[in-house]
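Visitor: The chain contents come next:
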Amino acid sequence: MELVIETNNLTKRYGALTAVNKLNLKVQRGSIHGFLGPNGAGKTTTIKIIVGLLRPDEGTVKVLGHELHGGKNEGFLQTFREQADSRLGIGYMPELPKFPKHLKGSELLDIYGRMYGMTEQQRKEQIPKLIEMVGLTGRENDLIGKYSKGMQQRIGIAQALLNSPELVILDEPSLGLDPVGMVEVRELVKNIAREGITVFVSSHLLFEVEQICTDVTIINRGTALASDTLQNVSGLLTGPAMIHVEVAQMSQNIINAVKSLPFVSNVTQTGNSLIIQVTTHEDVRTQVSKEITRAGGIIVDMSQKTSNLEDVFIQLVSKDQEGKTQ
Amino acid sequence: MTATNRERPRPSWLPRFWAVVRYEMLWNIRKKKFIGIVIAAFALVTVDLALPAFFNVSENPDFAATFSVGNLVFFLIALVTVMNSISGEFESGTIVPLLTKPVSRTTVFLAKLFAAFVIIIVTYTVLFIYSTVGGIVVYGPQDNLQLVPLALIGNVISTFVWVAIILAIGSISKSSLFAALGGLVLFIAFVFAGSIIASVSNEAGALNYVPGGGATGALNVAQRSQNITIQNITVSMNSISTGTDNIGTNLVNYARYPSATVNITRTDVFSTPPKVIQLYTESIGLIALRSIAVAFAYILVFLFIAWFAFKRAQILE
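One line per chain: the protein sequences are A and B, in this order.
Mapped onto numbering that gives the first Met the number 0, the consecutive letters of the first sequence carry residue numbers 0 to 325.
Mapped onto numbering that gives the first Met the number 0, the consecutive letters of the second sequence carry residue numbers 0 to 316.
Keep in mind the hints are simulated off the structure, nothing from the lab.
Fair warning: there could be bad hints in the mix.
To be verified - Subject to a maximum C-alpha distance of 30 Å in a straight line, what follows is the list of computed DSSO-like cross-link-like pairs (lysine-lysine):
| hint | chain 1 | residue 1 | chain 2 | residue 2 |
| --- | --- | --- | --- | --- |
| 1 | B | Lys32 | A | Lys148 |
| 2 | A | Lys148 | A | Lys189 |
| 3 | A | Lys25 | A | Lys61 |
| 4 | A | Lys97 | B | Lys30 |
| 5 | A | Lys189 | A | Lys145 |
| 6 | A | Lys100 | B | Lys31 |
| 7 | A | Lys100 | A | Lys25 |
| 8 | A | Lys97 | B | Lys274 |
| 9 | A | Lys100 | B | Lys30 |
| 10 | B | Lys31 | A | Lys148 |
| 11 | A | Lys148 | B | Lys274 |
| 12 | A | Lys103 | B | Lys31 |
| 13 | B | Lys310 | A | Lys100 |
| 14 | A | Lys123 | A | Lys97 |
As the list claims (entries may be wrong) - One-sided and incomplete, this derived list gives chain A residues near chain B with beta-carbon spacing under 8 Å:
| hint | residue |
| --- | --- |
| 15 | Lys47 |
| 16 | Leu87 |
| 17 | Tyr91 |
| 18 | His101 |
| 19 | Lys128 |
| 20 | Gln158 |
| 21 | Phe206 |
Glycine included, C-beta positions come from ideal geometry on N, C-alpha and C.
Please build the complete structure, drawing on both the sequences and the hints.
Guide: The structure is reproduced here in structure tokens:
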């Protein structure tokens, strides 16, 4: 599988603080890759290195086949090294984007289009389409200084798609949006990916990543804690899973029968309900159901709480924090 | 399906450069401060033209275009044009989307510089035309108007010394306030230092090598060539400043009196009455050429500093 972003031992320090620490990130072409981490985890710093706004202290970055930085080994020559052409295929929307207030929305897109080397014909076709796509029709000739935060976010998405990019990098795209705007942004991201564009989206919102991403990297304190498909990362959860059972009439026989199952580690009874802790992440509801029925119980309701990204995230980040404090 | 980077044709440099020029020009033209300064400059030229007529001064200067709004206006135009050209992008956060477009920082820097050059030259051209036409209206037909473009070029070079200094301060500090205050402090410091050195020291020649007014002296009109008309030479034309701020005037003087000399003097304010002490004499040609060389040296050095700081800047905002 082709990689559109590849970092090797990427490290960035701000004085004594290591914002990104030997990060190895791999983003596959065609994926919607979520970059998940708490505030201050190093997400924005990593993205700024990828788009050329910051230089790494160590490690390498390859974006769309272009080697961007050579670390400190290049010394003074690094000043003169800038692969502006590598950005031809990248669309980037910064966190809380800020655009020149003196420009109109359509002027901004026109000027940025020229910077991408788009012809007049290409700009004439692409700009109205994007303005409609992000819902700014009728406001495109207003000065950006008069745009609300949500509208600035929308024009930010439009400018990120202007050059028909092969890689779109969105840094916290939902930040500052109302709930309706957040849903719209998620739909937009899905639509972008349907056109075959790779989307790399950073977020601290677990449900957002869970809803739109195919792959995910979890980062904390500048280090990747997990990086794989969403499904595989969600399966990383260790520790007890839970099954909730409600029976018509609770009895000691039922409790003993459940306890006798080899994968059950603990059973808690509350009225006609049982919370069963199991040591496996496989679906064992059939075996539990059979045992309860054999013990004379009638099952009214049963559910197994499967691990989700939130559980994995909390577990990985907590473990990481514990490890660092020890 | 989107084109991959390998399939994408590499656009030529020039349209991308023009895109940044356009971006910068729109910013400058719509800047309220800039519009304010231009209006103020026009007001000053108007007053400058109207006052002598108001006081019934019936002089007919042979070169009215050397209007005396002063170097401060040129400095202020330089200041508002570039004080936030680079630093303002950092302060407002607009540097982030700008530098993530496929234009190199060197292209952005050159385009911003070019836009500043165009803005300044257009503003001066309009001011000079206004002043020249105004001079004709107030004083009647003027002589030597063919030298107006020379004065304009000289003033643009003078202004660009300050443009380079202000850009360098803004680029290093990433603060428009620092760029504005730093430029202003240097401008005032050189004006004061020039006045003090010109009063107390015999080393006024050193002022030729710092930005600003330079040494002062008197144009030796007795030595000018015989075939140039001498009537209606105004007193102000005899007073010469040798520094980088006066390239326009000195170029005009050199064009008119190529073999003239300048007596560099200082005024001893401690003697009673204050007396003028002559320090040395040099040709107007040397003064004009040296001030251009010094100006270009400062322009190149400070533009290099500004470019280097911009190129090395890490975008933490």
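Visitor: Could you work out which of the previously given hints the structure breaks and list their numbers from low to high?
Guide: 7, 8, 11, 19 and 21
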